[in-house]
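Student: Take a look at the letters that make up each chain.
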Amino acid sequence: MSKVIVVTSGKGGVGKTTSTASIGAALAQTGKRVCVVDFDVGLRNLDLVLGAERRVVYDLINVAQGDAKLKQALIRDKRIDTLYLLAASQTRDKDALTDEGVERVINELRSSFDYVICDSPAGIERGALLAMRFADQAVVVTNPEVSSVRDSDRIIGLLDSKTRCAERGDRMDKQLLLTRFDQARCSRGEMLSVADVLDILSIPLLGIIPESADILRASNLGAPITMNNASSIAGRAYGDAARRLAGETVPMLVPGTKKNLLNRVFGRRAA
Amino acid sequence: MTLFNFFKSRGTAPVARERLQILLAHERVSLGSCDLIAILRDELLATIARHIEFDPEKLSVKLDRSGAMSTLEIDVEIPSEEIAAETRRRAPLSRVSAA
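Residue numbers (our numbering), protein chains in the order written: chain A, 37 to 307; chain B, 4 to 102.
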């Protein structure tokens, strides 16, 4: 059965697009058919992070308005052949998207993909509400930082009230993806801990992604880290998050936790 | 830097945590009840409008929270002639059903 997942946060710059691309690529690598959809009309970037910026011809608005067929607008990844992108329009106004148009596109995507991952724009305006509107579950991307946590709390409230799922009276499944986490700063008491954020937002944890230069390197190259450098710490963290999203039970690692003496001696990875 | 300052400057995370907990406890209540009031208002409007013609602007819904007790205050202003007309219209009917 196909799943529609919204990647959202409220606050900008916390890693929604990077997370969408990385998790999408990781899921597609397992052979699942995945479509990542950019809802950030006017400020699209998912195409760039996926290295498909020169291949966009038609976009979400063209399909939603019936000016192009879905098949014409879908861009197939050149490296993973089960990964597809539906880009956002760069020139149109965000008001060009309607509830009915988006619903039709999402339903059509449901029939041909295992996972439809909607990359939400920042904010709580129309674009963000439409990105979450028809989702079955949500990934809330949060940085361990006060403004990000506050905005995530607001978004969780919207997921529980403004989505189809909520209006039907169902409880939307929401999971937290903590990004840009720095264990060293957390140990020094300079950064909110994983437990702090979980305690405040009270939704289950999907994964912890460490602050990492590898992620910037991956987006420089237009290849998600799970594709470009899957064995890096951040790459593995995203890979694990994707497996949890697919329903696997994967032990939660806190990236950057010091190896204990025994592990050091035997050269094992910190678990 | 004195030793005292050294310890004092450590750990801003607990402050962040506490500030967030206080702020969000507040915001959840106020934003949550805004939605509740909007829903109540819409449904009350629809119910009253089914029976009496009135100005939707004359309906006020207030939710007050103080301690363990909350009060919901609904204030509807209806023109007297509308009420009179409506009771006259319904009166014979209710007598029949009572008998």
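Honestly, the hints are just simulated from the structure, not real lab data.
Don't take every hint at face value.
[What the hints assert, rightly or not] With a Cα cut of at most 20 Å, we get these calculated SDA-like pairs of lysine to any residue: (1) A/Lys198 <-> B/Lys61; (2) A/Lys47 <-> B/Glu85; (3) A/Lys47 <-> B/Leu26; (4) A/Lys198 <-> A/Lys114; (5) A/Lys107 <-> B/Asp45; (6) A/Lys198 <-> B/Glu30; (7) A/Lys47 <-> B/Leu39; (8) A/Lys198 <-> B/Asp45; (9) A/Lys198 <-> B/Arg20; (10) A/Lys47 <-> B/Arg31; (11) B/Lys65 <-> B/Arg22; (12) A/Lys198 <-> B/Arg22; (13) A/Lys198 <-> B/Gln24; (14) A/Lys39 <-> A/Ala282; (15) A/Lys130 <-> A/Ser183; (16) A/Lys114 <-> A/Arg140; (17) A/Lys47 <-> B/Leu34; (18) B/Lys65 <-> B/Glu85; (19) A/Lys47 <-> A/Ala282; (20) A/Lys39 <-> A/Lys68; (21) A/Lys47 <-> A/Arg140; (22) A/Lys130 <-> A/Tyr94; (23) A/Lys105 <-> A/Arg140; (24) A/Lys68 <-> A/Lys114; (25) A/Lys47 <-> B/Leu43; (26) B/Lys65 <-> B/Asp45; (27) A/Lys198 <-> B/Glu85; (28) A/Lys47 <-> B/Lys61; (29) A/Lys198 <-> B/Ser33; (30) A/Lys198 <-> B/Ala41; (31) A/Lys39 <-> A/Leu110; (32) A/Lys47 <-> B/Asp45; (33) A/Lys105 <-> A/Arg115; (34) A/Lys39 <-> B/Gln24; (35) B/Lys61 <-> B/Glu30.
Computed from a predicted structure; not experimentally measured.
Student: Hint by hint, note whether the structure agrees.
Tutor: Hint by hint, here is what the structure shows:
With a C-alpha separation of about 28 Å, the suggested pair A/Lys198 and B/Lys61 falls outside the 20 Å cut-off, and the hint is violated. With a CA separation close to 51 Å, the supplied pair A/Lys47 and B/Glu85 exceeds the 20 Å bound. Restraint check: the Cα-Cα separation between A/Lys47 and B/Leu26 comes to about 17 Å, which is no more than 20 Å; the hinted pair holds. Among the hinted pairs, A/Lys198 with A/Lys114 is inconsistent with the structure: their alpha-carbon atoms are about 36 Å apart, more than 20 Å.
For a cut-off of 20 Å, the pair hint linking A/Lys107 to B/Asp45 is broken: about 42 Å separates their Cα positions. Our distance criterion of 20 Å between C-alpha atoms is met by A/Lys198 and B/Glu30, whose separation comes to about 17 Å. Only pairs whose Cα atoms come within 20 Å are accepted, and A/Lys47 paired with B/Leu39 is rejected, the gap being roughly 25 Å. Proposed proximity of A/Lys198 and B/Asp45 is supported: the alpha carbons are some 16 Å apart, at most 20 Å.
Of the pairs offered as hints, the one joining A/Lys198 and B/Arg20 is violated, with about 28 Å between alpha carbons and a cut-off of 20 Å exceeded. Between A/Lys47 and B/Arg31 the CA atoms are separated by roughly 17 Å; this keeps the pair inside 20 Å, and the hint holds. Between B/Lys65 and B/Arg22, the direct Cα distance comes to roughly 28 Å. Violation of the 20 Å bound is thereby established for this hinted pair. Only pairs whose Cα atoms come within 20 Å are accepted, and A/Lys198 paired with B/Arg22 is rejected, the gap being roughly 27 Å.
Pair hint A/Lys198 plus B/Gln24 does not hold up; C-alpha atoms about 24 Å apart against a cutoff of 20 Å. Annotation: proposed proximity of A/Lys39 to A/Ala282 holds, straight-line Cα distance about 10 Å (limit 20 Å). For the proposed pair A/Lys130 and A/Ser183, the alpha carbon gap of about 25 Å is over 20 Å, so the pair is violated. Between A/Lys114 and A/Arg140, the direct Cα distance comes to roughly 27 Å. Violation of the 20 Å bound is thereby established for this hinted pair.
About 18 Å separates the Cα atoms of A/Lys47 and B/Leu34, which keeps this hinted pair within 20 Å; it holds. For the hint linking B/Lys65 to B/Glu85, the alpha-carbon distance of about 24 Å lies beyond 20 Å, and the restraint is violated. Our distance criterion of 20 Å between C-alpha atoms is broken by A/Lys47 and A/Ala282, whose separation comes to about 26 Å. With a C-alpha separation of about 11 Å, the suggested pair A/Lys39 and A/Lys68 falls inside the 20 Å cut-off, and the hint holds.
A hinted pair counts as satisfied when its Cα atoms are at most 20 Å apart, and A/Lys47 with A/Arg140 does not qualify at roughly 28 Å. Annotation: proposed proximity of A/Lys130 to A/Tyr94 holds, straight-line Cα distance about 16 Å (limit 20 Å). A hinted pair counts as satisfied when its Cα atoms are at most 20 Å apart, and A/Lys105 with A/Arg140 qualifies at roughly 12 Å. In summary, the hint linking A/Lys68 to A/Lys114 is supported, as the alpha carbons are separated by about 16 Å, within the 20 Å threshold.
Between A/Lys47 and B/Leu43 the alpha-carbon distance is near 30 Å, which puts this suggested pair outside the 20 Å criterion. For the hint linking B/Lys65 to B/Asp45, the alpha-carbon distance of about 13 Å falls within 20 Å, and the restraint holds. Of the supplied pair hints, the one linking A/Lys198 and B/Glu85 is violated, its CA atoms being roughly 37 Å apart against a limit of 20 Å. For a cut-off of 20 Å, the pair hint linking A/Lys47 to B/Lys61 is broken: about 38 Å separates their Cα positions.
Proximity of A/Lys198 to B/Ser33 is assessed by CA-CA distance (about 17 Å); at most 20 Å being required, the pair is judged to hold. At most 20 Å may separate the alpha-carbon atoms for a hinted pair to count; A/Lys198 and B/Ala41 meet this at roughly 13 Å. A distance of roughly 18 Å separates the Cα atoms of A/Lys39 and A/Leu110; the hinted pair therefore holds under the 20 Å criterion. Simply put, A/Lys47 and B/Asp45 have alpha-carbon atoms about 31 Å apart, too far for the 20 Å limit, and the pair is violated.
A hinted pair counts as satisfied when its Cα atoms are at most 20 Å apart, and A/Lys105 with A/Arg115 does not qualify at roughly 24 Å. At roughly 33 Å between alpha-carbon atoms, A/Lys39 and B/Gln24 are farther apart than 20 Å, so this suggested pair is violated. Pair hint B/Lys61 plus B/Glu30 does not hold up; C-alpha atoms about 28 Å apart against a cutoff of 20 Å.
Violation of the numbered hints given earlier is confined to hints 1, 2, 4, 5, 7, 9, 11, 12, 13, 15, 16, 18, 19, 21, 25, 27, 28, 32, 33, 34, 35; the remaining hints are satisfied by the structure.
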